[in-house]
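Undergrad: Given next are the chains, with one letter for each unit.
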Amino acid sequence: MRLGPGRRVGLGRLGLSGGCGHDGAMIRFAALLDALVYTRSRNGKLRLIADYLRATPDPDRGWALAALTGGLDFPAVKGSTLRALLMERVDPVLFQLSRDYVGDTAETASLLWPEPAAPQGPVPPVAAPSVSEVVTILSGLSRATAAAGLATLMDRLDANGRYALLKLATGALRIGISARLAKVAFAEAFAVPVEAVEEYWHGQAPPYGALFAWAAQGAPAPDGGQVPLFRPFMLAHPLEEGVELDLADYAAEWKWDGIRVQVVCAGGETRVYSRSGDDISATFPEIAGALSLPCTLDGELLVRGSHQGGEAGGAASFNALQQRLGRKVVSKKMAEDYPAFVRLYDALIVEGEDCRALPWARRRAVLETFSARLDAVRFDLSPVIPAAEFAELGEIRARARDEAIEGVMLKRRDSPYLAGRRAGLWYKWKRDPLLIDCVLLYAQRGSGKRSSFYSDFTFGCWNGDPDQGAELLPVGKAYFGFTDKELKWLDRHVRQHTVNRFGPVRETDKSLVLEVAFDSVHESRRHKSGLAMRFPRINRIRADKPAHEADRIETLRALVRD
Amino acid sequence: MAAPFSWIRPHVHGLCIGPANAWIDPARPVERALVTHGHADHARGGHGEVIATRETLAIMALRYGRPGREVVAGYGESVSLPGGVRATFFPAGHVLGSAQILLEHGGERVVVTGDYKRRADPTCPPFEPVACDLFVTEATFGLPVFRHPPIKGEIGKLLEALAADPGRCVLVGAYALGKAQRLIAELRRAGWRAPVYLHGAMERMCRLYEELGVELGDLRLVADMPKAALAGQVVICPPSALNDRWTRRLPDPVTAMASGWMRIRQRARQRNVELPLVISDHADWDELTATIAEVNPAETWITHGREEALLRWCELNQRKARALALVGYEDEDD
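So the sequences go chain by chain: A and B. To convert, note that position 494 of the first sequence is 494 in my numbering; the numbers rise steadily by one, no gaps. With the second sequence counted from 1, adding 562 to any position gets you my numbering.
In case anyone wonders, no lab produced these hints; they're calculated from the structure. The beta-carbon is built from N, C-alpha and C at its ideal position, and this holds for glycine as well. Hints may be right or wrong, so weigh each one.
Stated by the list, open to error - Calculated pairs, DSSO-like style, for lysine-lysine (alpha carbon to alpha carbon, straight line, at most 30 angstroms):
| hint | chain 1 | residue 1 | chain 2 | residue 2 |
| --- | --- | --- | --- | --- |
| 1 | A | K45 | B | K714 |
| 2 | A | K528 | A | K477 |
| 3 | A | K488 | A | K45 |
| 4 | A | K45 | A | K485 |
| 5 | B | K789 | A | K488 |
| 6 | B | K719 | A | K45 |
| 7 | B | K789 | B | K719 |
| 8 | A | K528 | A | K328 |
| 9 | A | K477 | A | K428 |
| 10 | A | K430 | A | K477 |
| 11 | B | K789 | A | K45 |
| 12 | A | K488 | A | K430 |
| 13 | A | K183 | B | K719 |
| 14 | A | K485 | A | K545 |
| 15 | A | K78 | A | K183 |
| 16 | A | K510 | A | K477 |
| 17 | A | K485 | B | K719 |
| 18 | A | K328 | A | K45 |
Claimed, not checked - Taking beta-carbon pairs under 8 angstroms as the criterion, some of the chain A residues facing chain B (in silico):
| hint | residue |
| --- | --- |
| 19 | T39 |
| 20 | E107 |
| 21 | N500 |
| 22 | G503 |
| 23 | E507 |
So here's chain A without its partners, still in its complex pose:
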C-alpha cells in the first residue's frame, strides 16, 4: 500500500525526527496514541503507526505493536484497581463529577492524578519509563501488588503518559485501530508485503523480535510453520452500464447478499477471515469447527433461510446475518436461530496445492471436487448460472430481486486468482437499485477533506398523508452518490435552510426532495420508521419536486423482502 502525499500532522510531536534514546519512550508511545485519537483518515493513521515503528528501537516498538493489535493482557490490573487507587487520592464526589464530565475513566484518572512533588535536594528526578519497562512491571504484578505497582508508574509519567499507561494496563485502547490495520502499517513501515507479515506473524509472540529483525534488518524470515494465513481477496470491478461481455469468455455466478469470507485450515487449525483480513472465527465457531481438511477457500458467509435462492438450500436475508455479526461470544440459541454456512466460489489452496496461478475454470473444477468432501451443513457450492447469451443473463439478473440476490458476478474463465481489483478479470453486475423519493431532514458535517461540507444526509418519508398532518420519519442516512458539484449545492442548501443546530448536525426546513437509490430494505429498530435500507445513496436531487409529493413509508415497507 502506498500512502498519498500530504496530511502529515503531529509527527514532530512524536519526537520521531530526533534521536531514539530509550529514556521516556513511554511518552512517545503516548504521543502516538494521542495522534491516532485525533487523526480520522485511515492513511493518516497508517502513516503515524509506520513512522513510529520505524523510529522506535526494539523491544519498545514490539510492545507498542502488541498493544495496538490487542496482544497484551495484564490480568492483575482491573478497572476496580484503578478506581480504588483514585479513591485514596481524590475526593469521591470530585472524582464522580470529573468522570461524568470527561466520559472516560482512564482519561479522568490520568488528569486527576496528583503531580508528584518536585524532588528535593540533589536527588535526580525519576525518568519516564520505556514501554518495555512498563510491560515488564505490569506483567510482574499480582492482585496484591497491582495497586502499588500502578501508582509507582503513574508517578513517573505526565498526564498523556498516564493515559497511555492506563489504556495499556487495562487492555482497552478503543482508538479505532484494528489488528489488521496495525499489520498493514507494519508492512508499510518496512516496505514488505502485508501477506508476508500475516504469514510470519503467527507463531511469534510480543515483542516480535524476529519479525522486526526480518522486516527492518533483512534477517531471514521467521519460521511460521503450518498456520492458517489470510491471503488477500481478489476483487471485482462494477460492470459499466451498456457493456456486454461474451459469455464464452466469462462465467456467471450469483452475487449473494452476505459477507465475503476466507476459510483457512492449516496445521490443524481453522480460521474464518473477514474481507478486511480480521479473524472472525470466534463469531462463527460452527464454520471453524466444521473444516479439518487443509485448504484456503473463498466464499460468502450466509445464514440458512429461504429468501435468497428459494426454499431448498436457500439463504436468509442479510438482515438475518446481521444478527450474528460483531459478536465476540455466540449463544447456543443464536447459533441455532441463525445457522451460518459458507457458499463457496473459489479455491486458493487445496491440500497443499496452490491453485492461485491456475485459470478460474481449473480452480472451479478443483473446488467442485473438493467441496463435495466437506460438511454439507456448513459448506455448499455457489452454482454457475447456465446462461449462453448475455441478454439471457440480463433477464436472469432482472429476476434476482425476487430472489433477494444482489445481482450477478462475471469472472473471466482464464483469470488467475490475484490480490486486489484487476481490470478486465472479475465484474460485479448488481441488479438495478430500488428508488424512492425522500425528504432531507438533517445534515452533518463530514470529516477529512469534507470537514467543511455538510455531506452526511438523513432523510425521511411520510407516515401518512402529508396534507392530513402526517409527519416525516427518518428512514436512512447516506453520504455518497452525489458529484462534487452536487455536494456543493447540497451544502449550500443545508446552510440556507437550517432551522435548528445540534452540535455538528443541522436540521433543515424539510423542503428538499432527494431521490435515494438502495439495494434492499429491511425491518429495523435503528430508525423510528422501523425500516433500514442497504447501501442507500443520493441518486438525484429533486429540487423540482415539492416535499409533500415525496414517498410514504408504506411504499418503502412494501419493498421489504424479509
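For chain A, the structure is supplied; the task is to place chain B on it using the hints.
TA: Coordinates of chain B only, in the frame set by chain A:
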C-alpha cells in the same frame, strides 16, 4: 445591623450593588454598569453609564459604539459611587483591560473577579490578589481534571506541526478577543517572525491591541493571499470558522484550536480538531483553589462554570461558599 453583604445582590442578570444603583457585568442594558472585561458575555451594549478600564472601554466602543457616559478606572484607581460605595479596579490577568473590582461599603470588602487567570500573559498585566471579606469568583474550569499545561509546550506543538509538513498551513481557532493576541504574542516570543495570517473577523481587535500598545508583529489578512502562499504559515480564525466553508481557501490546513477545553480528548474530537492546544485565559483548578486559599475570604461566591466541584472543594476545606445562578456567562470557546 444588616446581614453581611446585603448591599450586594446576585440577580439572574448579574450582580446588583443596591445603594449605588449599579450593576457588575449585567446581561441586559442598565443605567450604570461596572464592566470587568470586554468579552461579550460580560460586556453588553446599551448601558447609560459604563465604568471600566480604558482598554475595556475601547474594546466595548469597537463592538457596540460609545455608551451614554464613560468613566475610566485605571488599575489601582478608585471610583466613588452613590450610596457610599467605593469601587477600585485591579488587574485580573484574563485579557487586555480585564479587571477585578473591589467594592467597599459599610466596612465590608467585596472582590468580584470577573474572569481571571494566574499565568503570565504578554498581552496584559498579571492578576493581583486583593484581600477581601467576600470573594466572588468564576469557575469556568472548576473541575480537578483541568490543569492547563505550560503554554511554552503548546506553542512548541504548533511550531512542530508547521515544520512537519511545509505543504500545509496550521489553522488555529482562537477567541477573537484575548486568546488570538496572546497566541500571536507567544509565537513571537518563541521566535516566529513570519507574518501571521488572520481571518477577517480577527483584524479589528488585533489592530486595537496594537493601538493600545501590544506589539503583535507582521499581521496580514488571508483574504489578500493566494492559497499557495499560505503553505507553512500560521492562520488564526474564530473557533466558529474552523470547519466553515471559509477554510477551503487554505492549503490543506491542520485544524488546531487553542482552548482550555482541548484538555479533554472527546471535546477536541467533537470539533474535528487534529491539533489540540491547551491554552486558556481562565484559571485552571489549581489556580482557582490556590487563589481562594491565598485571598482567604470569609465567604466565597461562585458565579459561573462548573460551580458544583468548586463548592465541594470549599466544603472539604471548611470554607463558606455559595453558587450564584447567573445566566448567560458561558465560555464554550475559551
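Undergrad: With reference to the structure, classify each hint as holding or not holding.
TA: Structure-based check of all given hints:
1. A/K45 / B/K714: holds (27 angstroms)
2. A/K528 / A/K477: Status holds; Cα separation ~13 angstroms.
3. A/K488 / A/K45: holds (28 angstroms)
4. A/K45 / A/K485: holds (29 angstroms)
5. B/K789 / A/K488: holds (19 angstroms)
6. B/K719 / A/K45: holds (19 angstroms)
7. B/K789 / B/K719: Given that 30 angstroms is the threshold and the Cα spacing comes to 24 angstroms, the pair holds.
8. A/K528 / A/K328: Holds. A/K528 to A/K328 sits at ~28 angstroms (cutoff 30 angstroms).
9. A/K477 / A/K428: holds (24 angstroms)
10. A/K430 / A/K477: The given pair, whose Cα atoms are some 21 angstroms apart, holds under the 30 angstroms limit.
11. B/K789 / A/K45: holds (26 angstroms)
12. A/K488 / A/K430: Holds. A/K488 to A/K430 sits at ~29 angstroms (cutoff 30 angstroms).
13. A/K183 / B/K719: holds (29 angstroms)
14. A/K485 / A/K545: Distance of about 20 angstroms is within 30 angstroms: holds.
15. A/K78 / A/K183: holds (28 angstroms)
16. A/K510 / A/K477: Distance of about 15 angstroms is within 30 angstroms: holds.
17. A/K485 / B/K719: Violated - the C-alpha atoms of B/K719 and A/K485 are around 36 angstroms apart, more than 30 angstroms.
18. A/K328 / A/K45: holds (25 angstroms)
19. T39: holds (7 angstroms)
20. E107: Given a least distance of 6 angstroms, the restraint on A/E107 holds.
21. N500: Check failed: Cβ of A/N500 comes no nearer than 17 angstroms to chain B, outside 8 angstroms.
22. G503: Given a least distance of 7 angstroms, the restraint on A/G503 holds.
23. E507: Nearest chain B Cβ about 18 angstroms off; hint violated.
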